[in-house]
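Chemist: Turn these sequences into a full structure, and let the hints guide you.
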Amino acid sequence: MSQEGHVVIPIDTIVKNIAAAASRRWISLDSTGEANALDFDSHSIMQRVQIHARDLHMLDPLTPSTILGREKEILVNLEHIKAIITAQEVLLRGDLTDDDDNVITPVVDELKRRLGKEADESPFEFRALEIALKAICSFLDARTTELETAAYPGLDELRSKPTSTRSLDCVHKLKSEMTRLIARVQRLEMLLEPYFVQVDHTLNKLTTLREDIDDTEDYIKIQIGNRGNHFLQMEDIRSSGNFCLSLYNSVTGTFGMNIPFKWNQPHYGFMFKWVIILPVVVCLSIFVLIISYARRRYKDDDNGSKLRKH
Numbered sequence: 002m003s004q005e006g007h008v009v010i011p012i013d014t015i016v017k018n019i020a021a022a023a024s025r026r027w028i029s030l031d032s033t034g035e036a037n038a039l040d041f042d043s044h045s046i047m048q049r050v051q052i053h054a055r056d057l058h059m060l061d062p063l064t065p066s067t068i069l070g071r072e073k074e075i076l077v078n079l080e081h082i083k084a085i086i087t088a089q090e091v092l093l094r095g096d097l098t099d100d101d102d103n104v105i106t107p108v109v110d111e112l113k114r115r116l117g118k119e120a121d122e123s124p125f126e127f128r129a130l131e132i133a134l135k136a137i138c139s140f141l142d143a144r145t146t147e148l149e150t151a152a153y154p155g156l157d158e159l160r161s162k163p164t165s166t167r168s169l170d171c172v173h174k175l176k177s178e179m180t181r182l183i184a185r186v187q188r189l190e191m192l193l194e195p196y197f198v199q200v201d202h203t204l205n206k207l208t209t210l211r212e213d214i215d216d217t218e219d220y221i222k223i224q225i226g227n228r229g230n231h232f233l234q235m236e237d238i239r240s241s242g243n244f245c246l247s248l249y250n251s252v253t254g255t256f257g258m259n260i261p262f263k264w265n266q267p268h269y270g271f272m273f274k275w276v277i278i279l280p281v282v283v284c285l286s287i288f289v290l291i292i293s294y295a296r297r298r299y300k301d302d303d304n305g306s307k308l309r310k311h
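Position one of the sequence shown corresponds to residue 2 (my numbering), numbered consecutively onward.
Hints are computed from structural coordinates only; laboratory data are not their basis. Take the hints with a grain of salt, since some may be wrong.
Pairs of lysine to aspartate or glutamate residues, derived as EDC-like cross-links and limited to a Cα-Cα distance of at most 16 Å, are as follows [unchecked claim]:
hint, residue 1, residue 2
1, Lys176, Asp219
2, Lys113, Asp31
3, Lys113, Glu131
4, Lys176, Glu147
5, Lys174, Glu131
6, Lys176, Glu190
7, Lys118, Glu131
8, Lys118, Glu35
9, Lys118, Glu90
10, Lys135, Glu111
Modeler: Okay, structure coming up:
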């Protein structure tokens with residue numbers, strides 16, 4: 002106590018009280034689905050997940066619903082779900098022991114069940130984001146079901162009774178609840194619609210790319226087939242040439258044998274040139290006939306394949 006009678010509070014105590022007042026309960030879930038309740042203030046949570054203060058303000062209750070993607074984390078602010086999703090864990094704002102926060106219990110249970118499955122090969126961040134979206138859709142659907150359950154019997158009862166100001170007030174009350182719920186659903190729809198459009202655009206681009214790849218693959222196969230046909234043509238030409246050369250060699254080899262016949266006599270020397278010329282002419286004629294037949298047959302097959310394509 003000071004000399005004037007005032008109570009002096011140490012600065013450390015003031016800082017601790019401010020930090021305690023600013024700290025909030027967070028539920029941490031890792032990739033195995035294990036949940037831990039932790040108390041963090043804004044500075045501690047920013048150091049833990051490496052985010053800026055302006056990004057952390059996106060999770061404030063008065064901030065409109067949003068899904069914010071950053072380099073190392075995804076911030077989700079959807080109705081009662083305030084979460085920070087990283088590659089290793091999910092930080093969900095809320096307290097399971099508080100009756101006012103019992104709406105996050107189904108979210109935590111679903112995260113424990115889904116994140117603990119090793120069979121799912123999807124990335125951890127995608128699974129956690131999917132669970133959050135599913136939870137908020139289920140929550141709004143449950144609120145709609147509750148409103149329907151309360152509204153339809155009440156409306157039937159009001160229509161069966163005499164009209165009064167009280168009946169009109171009941172209708173106005175149901176209408177107000179319905180309007181608020183419609184606004185919440187529309188906010189969620191407007192939030193998710195750009196992502197659906199972007200995903201659809203990405204899918205269309207991938208489909209176009211796949212068609213282009215398939216067309217290129219077919220073109221390459223056709224080119225390989227044409228090249229194979231050219232190789233077969235060259236092989237046919239080579240085989241035909243070898244056949245003609247073998248035929249010519251057999252004729253010249255026959256006449257080159259040391260076999261006694263009358264053409265070996267001196268006055269039959271003019272026959273030598275015919276023995277050389279005639280086999281050459283015959284072999285060349287056979288070669289030309291084979292090549293001409295092969296080319297005509299190839300053109301007929303090529304024209305038939307083009308007609309079938311058209």
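Chemist: All hints are to be evaluated individually against the structure, with a verdict given for each.
Modeler: Against the structure, the hints come out as follows:
no.	hint	result
1	Lys176 x Asp219	violated (61 Å)
2	Lys113 x Asp31	holds (9 Å)
3	Lys113 x Glu131	holds (13 Å)
4	Lys176 x Glu147	holds (14 Å)
5	Lys174 x Glu131	violated (34 Å)
6	Lys176 x Glu190	violated (21 Å)
7	Lys118 x Glu131	holds (14 Å)
8	Lys118 x Glu35	holds (12 Å)
9	Lys118 x Glu90	holds (15 Å)
10	Lys135 x Glu111	holds (10 Å)
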